[in-house]
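Enquirer: This is what each chain is made of:
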Amino acid sequence: MKAAISVSIFLILYETVARSGWFAAALVPTLPVVAETLWWMLADGTMARHAAATLYRVFAGLAGAAATGLVLGFLMARYRAVESFFLPLVSALMPIPSLAWAPVFILWFGLGDTATILVVFYAASFPMVLNTWTGARAVNPLWLRAAGSMGARGPAMFWKVVVPGALPLIITGLRLAFQRSWIAVVGAEMLAASAFGLGWVIFDAKEFLNADIMLASLAVIGAIGFAFERLVFGSLERSTVLRWGMVRAAKA
Amino acid sequence: MQWLRAAVPFAVVAAIWEVVAQSGVFPPRLFPPLEEVAATLVRLSTAGILPHHAAETLFRLGAGFAIAATAGIAIGIAMGRSRRAEDLLLPLVSIGAPIPGLAYAPLFLLWFGLGNTGSIILVGFVAAFPIILNSWTGVKAVKEIWVRAAQTMGADSRRLFRHVIFPGALPYILAGLRLGLAQAWRILVAVEMLAAVDWGLGWLIFGAREFLNTDAMLAGIAVIGAIGLTLEKFVFQRLENYTVVRWGMMAA
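Chains as they are written, first to last, in our numbering: chain A, 1 to 252; chain B, 1001 to 1252.
The set of hints was computed from the structure by calculation and includes no laboratory data. Each hint can be trusted.
Below, computed lysine-lysine pairings styled on DSSO-like, alpha-carbon distance capped at 30 Å:
no., chain 1, residue 1, chain 2, residue 2
1, A, K2, B, K1140
2, B, K1143, A, K2
3, B, K1233, B, K1140
Since we're looking at a predicted model, the values are computed, not measured.
Make the full structure from the sequences, and use the hints.
Expert: Right, dumping it as C-alpha cells:
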C-alpha cells in the first residue's frame, strides 16, 4: 500500500514533467505512450522474441558457468593442488569486468550469440566457483566424521553429506551468478548482438530516438529479473535447504 | 616463497598461451604472442597514450562515484532516520536497484548526451543504489541502547548523529561505498564503449577492434584489471583500517 503510494507519486511527477513540454516528447514520452508501446510489443510478439533471445543467451552462459563452477569449486575444496593452482588465477581474473572481454570475444567469434554467451559465462563463473569452494569447505566437520563413522565412503559421502551441506552457499552463488549474468547480457547485447535481445532493442531504439521503446523494454528487463529472483530462486530454496531445515526463512 | 608459488599457475597459463600463439593455428593479429602484448603495453605507456586513457577513465570514475557517494549516503541516512523518507523512497529504490545499470545507458545518453555528462551521471546513478541500501541498513542497525545511553547523557540530536549514529553506521556505509565503487567500475568500462568518448580505457579496447589490434586490447584489459584490483585492495582496506577497525568495531 505504502509502496503503491510512493510509486504513484513518482509516476505523477514523471507524467507532469513529460506533459510540461520542457523536453521533446520523443525523449520523454508520456506514460500512456509507453504503455501503448509496451502493449503493442507484447501483443505482436516482438517483445517475446527479444526476451527469448536474451534468456537463451543467459541460460547458455549460466549453464556453462554452473557446470564449470561446480566441478572446479568442489575439486578446489577437495584437492590442495587444484586449489593452489586455480585460486591465484581466479583472484587475478575476477577484478576484470566481464564486459571488458566483449571486444576480444567479438574479434575472435564475430558479432552474435557466441560472443554474448561467453561474456555471460565469464561474469557468472566467478560467483559459482567461489561459492561452491567456500560452501564445500564450510561443511560441518562433525557431519563428515559422523557419516564416516557410520560407514559412508567416497561417493555416498560426497552426495549425501558434502553436496547438501554446501548447497545453501551454492544456491547463493547461483543467485549471484544470475544477477551478474543479467547485467552482463544486457551490456553484451548492446555491444555484440546483431538482431534480437532486450539489450539490443534498447540500444537500437537510441538511433531512432524511441524513448518509449527503451522504457517499455526497461520495464520488461526489470520484471524478468524480479520474477527470477522471487519465483525461481525462492522456490529452489524452499524445496531444498529450507525444507531440510538448514537455513531459516527470513521473517516477513 | 609464497609469491613464487602463486606465480606458478600464471607461468603455466602464459606458457600455454605462448604455445598456441606460436603454433600459428590462429592468425597472430587475433591471437598475439605475449611478448607482443607486453611490447604494446610498454609502447603505449611510454608514448603517454595509455596513461591518458587511464586518467580520463579515472576522472569519470571519480566524478561519478563522488555523485553516488554524496547522494547515496544522504538519501540512505535520511531513509534510516525519517519514517516518511523511508516510506517514500524505499519502494522506488527497491524497484530501481535490481535493473541492470547498463539498461539505463541508452536512455541516459539520450537525455544527457554522449560523452562525459551522460556517462558520469549514469555511473553516479547506478553506483548510488548499493550505497543507499547499505547506509539505510547501517543507520537502522545502530544499537538502540547506544542511542538511549547518549540521550540520557544529554546529547542533542546533532551530537547524537555525529558521535553515535554516523560512527555506528560507518561499517555498513563503507561496505556500501565499496560495492558502489565496484559497480561504478564495471559499468564505466562498458559505458565508455557505448558512449563514443574520445579517451578512456573502455574506448581503447573497443576502438582497437576496428583495426584488429588484439595486442592493444589485451594490454588495455590488463590495465583495467590492475586498476580494479588496486581500488579494491588498497583504497578501501586502508580506509577501513583507519576508521572502523581502529575503533574496534570490526576485526581487521
